[in-house]
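K.L.:
Chains as they are written, first to last, in the UniProt record's numbering: chain A, 1 to 393; chain B, 1 to 144.
By construction, these hints were calculated from the structure, which means they are not laboratory data. Values in this document were obtained by computation on a predicted structure and should not be read as measured data. Accuracy of the hints is not assured; some may be wrong.
Claimed, not checked - Calculated pairs, DSSO-like style, for lysine-lysine (alpha carbon to alpha carbon, straight line, at most 30 angstroms): (1) Lys231(A) <-> Lys42(A); (2) Lys122(A) <-> Lys82(B); (3) Lys122(A) <-> Lys144(B); (4) Lys114(B) <-> Lys317(A); (5) Lys141(B) <-> Lys156(A); (6) Lys98(B) <-> Lys116(A); (7) Lys116(A) <-> Lys82(B); (8) Lys83(B) <-> Lys122(A); (9) Lys156(A) <-> Lys114(B); (10) Lys28(B) <-> Lys98(B); (11) Lys325(A) <-> Lys279(A); (12) Lys317(A) <-> Lys184(A); (13) Lys122(A) <-> Lys132(B); (14) Lys61(B) <-> Lys156(A); (15) Lys156(A) <-> Lys63(B); (16) Lys311(A) <-> Lys61(B); (17) Lys122(A) <-> Lys114(B); (18) Lys111(B) <-> Lys122(A); (19) Lys98(B) <-> Lys311(A); (20) Lys156(A) <-> Lys144(B); (21) Lys98(B) <-> Lys156(A); (22) Lys111(B) <-> Lys79(B); (23) Lys311(A) <-> Lys63(B); (24) Lys83(B) <-> Lys116(A); (25) Lys156(A) <-> Lys111(B).
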Amino acid sequence: MRDVYIIGTGIHPWMGFSEQVFADFAAVAVDNALKDADIEWKKIQAIMAGIFIYGGNAGHLSGQYLESIFGETGVPVVNVYNACATGSASIRMAYNSVAAGETDTALAFGADVSPKGFLTAKSDNAVQDRDVIRWKMGGMPNPIYWALECRKRMEKYDTTEEDLALVKVLMSEYGSKNPHARFKKTYTIEEVLNSVYVCDPLRLFEICPVSTGAAAVIVTADKELIAKADKAVKINATTMGSAIYGDPTIRISALSCPAVPEAPMLSESYSASRQAYEKSGIGPEDIDVLELPDNSSWHYLVYLETCGFCKDGEADKMLREGETKIGGKLPVNPSGGFSSHGEALSAQALWQVIECTNQLRGRCGERQVENPKVAMAQTYGLMGNSGTTILSV
Amino acid sequence: MENMANKVARIPNLVDWSTGEVRLMSAKCNSCGTYFFPREHYQHRPGCSREGVENVLLPHKGKLASYTIQYYPCPAPFKTEKKITPYGIGLVEFEDEKIQVAGIITDTDLKSLKMGMEMETTILEMFTNEEKQQVVTWAFKAVK
Ligand SMILES: [Zn+2]
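Bound conformation, chain A alone (with noise of 0.2 angstroms):
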């Protein structure tokens, strides 16, 4: 296998629900890339597209979408979907194809338009679609699921509220800084803590939203492109794992979960991230900032565990006592995170992939890391998908 960096990078920023053309969101992230990597569409020899999945055909091909608007030039095109982990699996499908020698250069991208209101079922299938029976029958949105894993969190650690409201705190600052977030007001505790429950104990300020963005990655194995490039960025490992059984989470969709434990929490996210740290040889250790998914306040806290950056319950202390902090052992989520953002879904995952590109860069001002060698992005989507890169200069 070849080694592979990252030449390029785009982002159209996030925003709310827009009446605009999912592929032309698409198409100023792809530009944006393009210019970074400093290179022309026809060097592109294939496209691995997140598909998005409320634009129906056009949204399910929307890799062939996409190169129609910059010219087709006859090279493969895949679509994929791994719910909010999709973009993970689009940047290791350029990555796998660029690595084996497939291709030399190649295109991930993602673009998703925020549903109007609420996400909710896809089908009125319950037979075939097994997502339909919570809408249909359980009143039970993505938070809630949440909620239900918060609640047990703190039941066994010493979690507080407070602790659920400092994340938002901490994101809240980040996201002021970044031009590509969606939300930049900043907050206090009180502030937070005075926020109404969605779904307790989580609130308002404790979950993020959905929202419209673009990301798009361009990776290459070729010398010339990669000499040109302004500080590429290798890639280390990009994996993604699946659900294992006796993960007692229960799964956003599902009804049920195992009620004694036989894997651990979020086993989709602990086996993408061991996948990555045995296949690029770098630890939790060695990592100098941390992208990972805020969905909740409680992502933040269980990820830090699920990830190993610290045994089970400990997490709490290393936010109180500003470890995670931009400055502190472990920077997390120097973007402002999902909770600055909010879920593009097929975008996402490329956008956590390019903070961490940007920070390794040394591109992101004043939300910049002090000099960062190594980076990892780390996924969650729902019913077992995940997905971990890890980036080093």
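We have chain A; now place chain B with the ligand onto it with these hints.
P.N.:
Just chain B with the ligand now, with coordinates in the frame of chain A:
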């Protein structure tokens, strides 16, 4: 138990009241021992032969393993005639079956919810359909 004759589950094969008690419709794999809910949502242990899966009913009562209170209405296709928000959602553990099942908490003072408390399976009337039947979902309530 109240008259259940004119009631129908919104989606079949999830909740049963034919035995005189409301119980959830699960399936058990006799090879790997795993219980599933819903029963078609197979979760076999890797390497399981998957032989001998039988439909079973979960016990009527279990223990509250987690809960939350939902403060805004669940969007469509969820539908109830009466306003139920805020409502509880519980994760109820059936110990012998080693499974926890999620469901709406009804007929219970939400302030009284405590981890580990005994819960029983019940139904929640959602709305009346065109055939004038009460469309119901499974739910849990505190054992009084
Ligand atoms: Zn089995």
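K.L.:
Within 30 angstroms, alpha carbon to alpha carbon, are Lys141(B) and Lys156(A)?
P.N.:
holds, 24 angstroms
K.L.:
With the threshold set at 30 angstroms, check whether the alpha-carbon distance from Lys122(A) to Lys82(B) stays at or below it.
P.N.:
holds, 25 angstroms
K.L.:
Decide if the proposed pair is consistent with the structure: Lys156(A) and Lys111(B), CA atoms, cutoff 30 angstroms inclusive.
P.N.:
Holds - the C-alpha atoms of Lys111(B) and Lys156(A) are around 20 angstroms apart, at most 30 angstroms.
K.L.:
Are the Cα positions of Lys98(B) and Lys116(A) separated by 30 angstroms at most?
P.N.:
Violated - the C-alpha atoms of Lys116(A) and Lys98(B) are around 39 angstroms apart, more than 30 angstroms.
K.L.:
Straight-line Cα separation of Lys114(B) and Lys317(A) no greater than 30 angstroms?
P.N.:
Distance ~26 angstroms between Lys114(B) and Lys317(A) Cα, so the pair holds.
K.L.:
Does Lys111(B) pair with Lys79(B) here, judged by a C-alpha cut-off of 30 angstroms?
P.N.:
holds, 24 angstroms
K.L.:
When you check the alpha-carbon spacing of Lys83(B) and Lys122(A), does it fall within 30 angstroms?
P.N.:
holds, 24 angstroms
K.L.:
Within a Cα-Cα threshold of 30 angstroms, do Lys98(B) and Lys311(A) meet the stated pairing?
P.N.:
Holds - the C-alpha atoms of Lys311(A) and Lys98(B) are around 26 angstroms apart, at most 30 angstroms.
K.L.:
Under the criterion that the straight-line Cα-Cα distance not exceed 30 angstroms, is the pair Lys156(A), Lys114(B) satisfied?
P.N.:
The given pair, whose Cα atoms are some 14 angstroms apart, holds under the 30 angstroms limit.
K.L.:
Given the proposed pairing of Lys325(A) with Lys279(A), does the C-alpha separation stay at or below 30 angstroms?
P.N.:
The hint holds at about 28 angstroms.
K.L.:
Would you mind confirming whether the straight-line C-alpha gap from Lys83(B) to Lys116(A) stays at or under 30 angstroms?
P.N.:
holds, 23 angstroms
K.L.:
With the threshold set at 30 angstroms, check whether the alpha-carbon distance from Lys311(A) to Lys63(B) stays at or below it.
P.N.:
holds, 28 angstroms
Checked against the numbered hints above, the structure breaks hints 3, 6, 16, 17 and 18 and satisfies the rest.
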